[in-house]
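Engineer: Sequence:
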Amino acid sequence: SKIAGKIIADAALEQVDVDVKVNKNVVTITGDVPSAALRDRVLRIARETEGVASVVDQMTVRPRSQD
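Quick note: the sequence shown uses this note's numbering, first residue 1, plus one each step.
Among the clues, some could well be false.
[To be verified] BS3-like, lysine-lysine: derived pairs with alpha carbons at most 30 Å apart:
no. : residue 1 : residue 2
1   : Lys-6     : Lys-24
2   : Lys-6     : Lys-21
3   : Lys-2     : Lys-24
4   : Lys-21    : Lys-2
If you are wondering where the hints come from, they were derived from the structure by calculation, not from laboratory data.
All chains, please: the whole structure from these sequences, using the hints.
Structural biologist: Here it is in structure tokens:
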């Protein structure tokens, strides 16, 4: 998918673990992101992708532990 490729290519999103599903131009994104800012970045990429009618955000913000 175009969206998954853009997410993978974005170095800032290296720590993001999301799954992208598309059904009739509606994109659903699930998974964990370490910050709200990165969630917003993923959503922006999805929304700006040609052919996307809407985006359903099912991501969870889970800050990574600093072990």
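Engineer: Could you run down the list of hints and mark each one as holding or not?
Structural biologist: So, going through the hints one by one against the coordinates:
Of the pairs offered as hints, the one joining Lys-6 and Lys-24 holds, with about 20 Å between alpha carbons and a cut-off of 30 Å not exceeded. A hinted pair counts as satisfied when its Cα atoms are at most 30 Å apart, and Lys-6 with Lys-21 qualifies at roughly 14 Å. For the hint pairing Lys-2 with Lys-24, the CA-to-CA distance comes to about 15 Å; that is within 30 Å, so the pair holds. The hinted pair formed by Lys-21 and Lys-2 meets the criterion: a straight-line CA distance of about 11 Å does not exceed 30 Å.
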